[in-house]
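Number of protein chains: 2
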Amino acid sequence: MSEFANATIVREANIYFDGKVTSRTVLLEDGTKKTLGVMQAGDYEFNTDAKELMEVLAGEMTVLLPGEDDWQTYAAGQSYYVPANSSFKLKIDKIADYCCSYL
Amino acid sequence: MSEFANATIVREANIYFDGKVTSRTVLLEDGTKKTLGVMQAGDYEFNTDAKELMEVLAGEMTVLLPGEDDWQTYAAGQSYYVPANSSFKLKIDKIADYCCSYL
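Protein chains in written order, with the numbering used here: chain A, 60 to 162; chain B, 60 to 162.
One should not assume that every hint holds.
It does not matter which identical chain is meant; a pair holds if it fits inside one copy or across any two.
What the hints assert, rightly or not - With a Cα cut of at most 27 angstroms, we get these calculated BS3-like pairs of lysine-lysine: (1) Lys92 with Lys150; (2) Lys153 with Lys79; (3) Lys79 with Lys150; (4) Lys150 with Lys110; (5) Lys148 with Lys92; (6) Lys110 with Lys79; (7) Lys79 with Lys148; (8) Lys79 with Lys92.
Source of the hints: derived by calculation from the structure; they are not laboratory data.
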């Protein structure tokens with residue numbers, strides 16, 4: 060368990076894909092932004108603006124990063140970067156809890 | 060949109076009912092605790108320790124409170140109290156985004 064202190068948390072969830080992906084926005088003291096989210100089982104594609112660091116907190120994410128030919132599976136405790144202004148695909152088998160940092 | 064400032068948020072989600080209900084724990088400066096959660100469609104029953112104030116942020120919750128004979132539906136912007144040391148049942152039709160305050 061870890062936590063973010065002195066943070067501002069937006070109450071309302073961000074809701075995507077009919078609620079199969081939801082997240083909460085967290086703003087840290089240093090001005091950086093993170094989202095803490097949960098993905099239900101399913102296939103998803105997301106676009107990025109900023110570069111993103113995706114940390115898997117629980118479950119697994121199978122990811123196709125831009126420019127890659129192979130899907131990679133990331134388990135709890137693992138993380139990956141997504142380039143700015145790109146898109147990536149995800150397959151979630153059961154559920155994934157994640158922290159996304161906007162870099 | 061509203062937010063909690065100067066708060067601590069636990070990174071890892073609380074996961075219930077195989078992930079159909081998930082929440083994040085938020086601790087406020089005054090020591091009070093809240094959870095921000097999402098319920099997918101389904102039927103649920105929860106036990107309380109503390110008295111709870113449940114605020115519906117998006118979607119709807121249909122609720123059977125302890126000692127009541129009738130289910131009541133609460134929409135976004137509405138709220139209800141659940142007594143301490145009790146249990147309550149919920150039916151979620153699509154999705155519900157909520158804020159639970161432990162009183």
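Outcome of the hint check:
no., hint, verdict
1, Lys92 with Lys150, "within (25 angstroms within a copy, 34 angstroms between copies)"
2, Lys153 with Lys79, "both (11 angstroms within a copy, 11 angstroms between copies)"
3, Lys79 with Lys150, "both (12 angstroms within a copy, 17 angstroms between copies)"
4, Lys150 with Lys110, "within (20 angstroms within a copy, 39 angstroms between copies)"
5, Lys148 with Lys92, "within (22 angstroms within a copy, 35 angstroms between copies)"
6, Lys110 with Lys79, "within (23 angstroms within a copy, 29 angstroms between copies)"
7, Lys79 with Lys148, "both (15 angstroms within a copy, 22 angstroms between copies)"
8, Lys79 with Lys92, "both (22 angstroms within a copy, 26 angstroms between copies)"
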